[in-house]
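Student: Sequence:
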Amino acid sequence: MGEIIRNRIRAMVFSLLVLGFSTAMAEDGKALLPNGNLETPDATGKWPVGWQKGPVGINWEIEDGNHFLRFKQTTPGAMLRLYVPVDIPAGAKGLRFSFRVRFKDIAAGEKPWFDAYFKLNYKDASGKVMEPDPCDFHFSGTSKGSVDEKQKITWVEKSLVMPVPDGATKLEFWPSLFNAKAGILDIDDVNVVVASDEETTKAIEHKKAMTEHPNPPSETPNPEKWPSELFVAGNQIQTKDGKNVWLQGVYICSLEWSPRGEGGVVYSAKVAIEDWKSNVIRLALMDDYWFGKSDRQNDGGTEYRALVNDIVSFASNRGAYVVLDLHHYRAIKEEHLKFWKEVAAKYKNHPAVLFDIINEPYDISWEIWRNGGFVEEKGKPADIDAVLTADQKSKKLSGFSSPGMQAAVNAIRETGARNIIVAGGIDWSGDLSGIANGYALDEKGGNGIMYSWHIYWWHKNWQGRVLETTVKYPILVGECGASVNKMSFIPAKDHDDPFEWSPDFIGLVQKYKLNWTASLFHVNAAPNMIQDWNYTPTPAWGAFVKDALSGKQFEMKKTR
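In terms of the working numbering, the sequence shown has 504 at position 503, counting the first letter as 1, and numbering is strictly consecutive.
Be careful, since some hints might not be right.
[Claimed, not checked] Restraint-style ranges between C-beta atoms, simulated for each label pair:
(1) G465 / G320: 32 to 38 Å
(2) E213 / G552: 27 to 33 Å
(3) D495 / E62: 56 to 62 Å
(4) G142 / G58: 17 to 23 Å
(5) E199 / P166: 18 to 24 Å
(6) G400 / G439: 31 to 37 Å
(7) E556 / G417: 42 to 48 Å
(8) K31 / K54: 24 to 30 Å
(9) G46 / D364: 49 to 55 Å
(10) D276 / I205: 20 to 26 Å
(11) K342 / D495: 39 to 45 Å
[Claimed, not checked] Listed below are the simulated EDC-like cross-link pairs for lysine to aspartate or glutamate, each with C-alpha atoms no more than 16 Å apart in a straight line:
(12) K112 / D289
(13) K241 / E230
(14) K487 / D498
(15) K334 / E377
(16) K120 / D106
None of these hints come from the bench; they were simulated from the model. Glycine included, every Cβ here is placed at the ideal spot set by N, Cα and C.
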């Protein structure tokens, strides 16, 4: 504070300003943070008045007449952080906290969570931190939008209403580049006001709805309740006695990006099976978590493997199936075979478990998809590339050698596992045309192979990309969905109306009895089927899925 206030007059004025905010009674909409827009300078003219002076690397900048604070990481791993305290008026039940942020090339430090980090705390009159925290924000990479030659990165606006716990007298805001490796972080227009009673009530209700559920206790496997073993028979899957089985369910995500999952993944499986009437769960997995290689693990993967096993046991004890999906992209790698050898050995001939080799192959030929080969990392080709042999290219280019999907099938079968194998096509598993044209995989003594198709509400050519393959082979639509929110990486005009697409797509599934697991049984991952952890279905997609799983019939009025 001594660096900010240079003379007695400014010190008195600023003290009165702070005292005015700290002693006021709660008044809806009144700013609690002086100079939150960062426009008023202190006595030096080099820093915003009322804001703590930060370490080297944090500067007060101006651009197009607008002031903001810039955090720039010049020493990898250094801590760049400010402390911003806000006194809470007596009687305040909730605060509305908002800010603008933009960021460029934020690279994590030694830990995945060492990035751009905004920490918020409540404290009581004694200075004790109160639980739970109101909210935290993490930012990485570059904020959405273009970056011009002046490094003008796009501003993102954030706002939320936070209930104030009884006894809280202070809100602490800590914006930082938290030991990040590199990056630029800008903040502006930080505003804290007393929220209205209506806003606060809604925030409390929303927080309850967004509270994750604890997972139910682990269950002892009960083979008497397990579903029947499955076999491929032509373009159908059947039980041993020849009864057709139609797999219909949901795709539960988060174990591919979190070693503990989100929402309570076993609880989500419970809701999907018992309330939404799913008879199959597609469960995305990550091999690094399975083997305990993440910085967020210290047990060699024991807890992660147990969590996966809890889901398998819970589902199979209720007669449902589980598709274990190795959630990688591009092409199968040698290290993926290690994962499948271990997983296949663990769940060998478990009647409820199917193996989905790799989530979404893309940007490879059908030949490499099936039989393996060199997968080049994208780069600008040189003129000489046209005359190089495949072996010369593999030595010259950046990339990796893929063993191919057939090698993965062989690796699984070599463990003695007969479980049905699922193989996604090319083009992000969106194209199965090659399966009908000579690239089907050879079975090696197991119960058969199904092919996975992924489709969302911008995809076209259902006939060529999947229906021709359904004539001969069983299909699992492993991912599918729609949303009112368009995907930024797809042209807006290519998105279908979700309220028209959803019933048409489900009509397709029902007409051809396609096995399917709808995406995504999660609150935040798009296209989400649920709006909260009360599992309220989204109107444009989740509601249609829940109705279909309960037996409602839909007509495909238009193909795509």
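Student: Next, verify each hint and record whether it holds.
Tutor: Tested hints:
no.	hint	result
1	G465 / G320: 32 to 38 Å	36 Å, holds
2	E213 / G552: 27 to 33 Å	30 Å, holds
3	D495 / E62: 56 to 62 Å	38 Å, violated
4	G142 / G58: 17 to 23 Å	19 Å, holds
5	E199 / P166: 18 to 24 Å	19 Å, holds
6	G400 / G439: 31 to 37 Å	25 Å, violated
7	E556 / G417: 42 to 48 Å	45 Å, holds
8	K31 / K54: 24 to 30 Å	26 Å, holds
9	G46 / D364: 49 to 55 Å	54 Å, holds
10	D276 / I205: 20 to 26 Å	25 Å, holds
11	K342 / D495: 39 to 45 Å	40 Å, holds
12	K112 / D289	15 Å, holds
13	K241 / E230	7 Å, holds
14	K487 / D498	10 Å, holds
15	K334 / E377	13 Å, holds
16	K120 / D106	20 Å, violated
This entry does not satisfy hints 3, 6, 16, going by the numbered hints stated previously.
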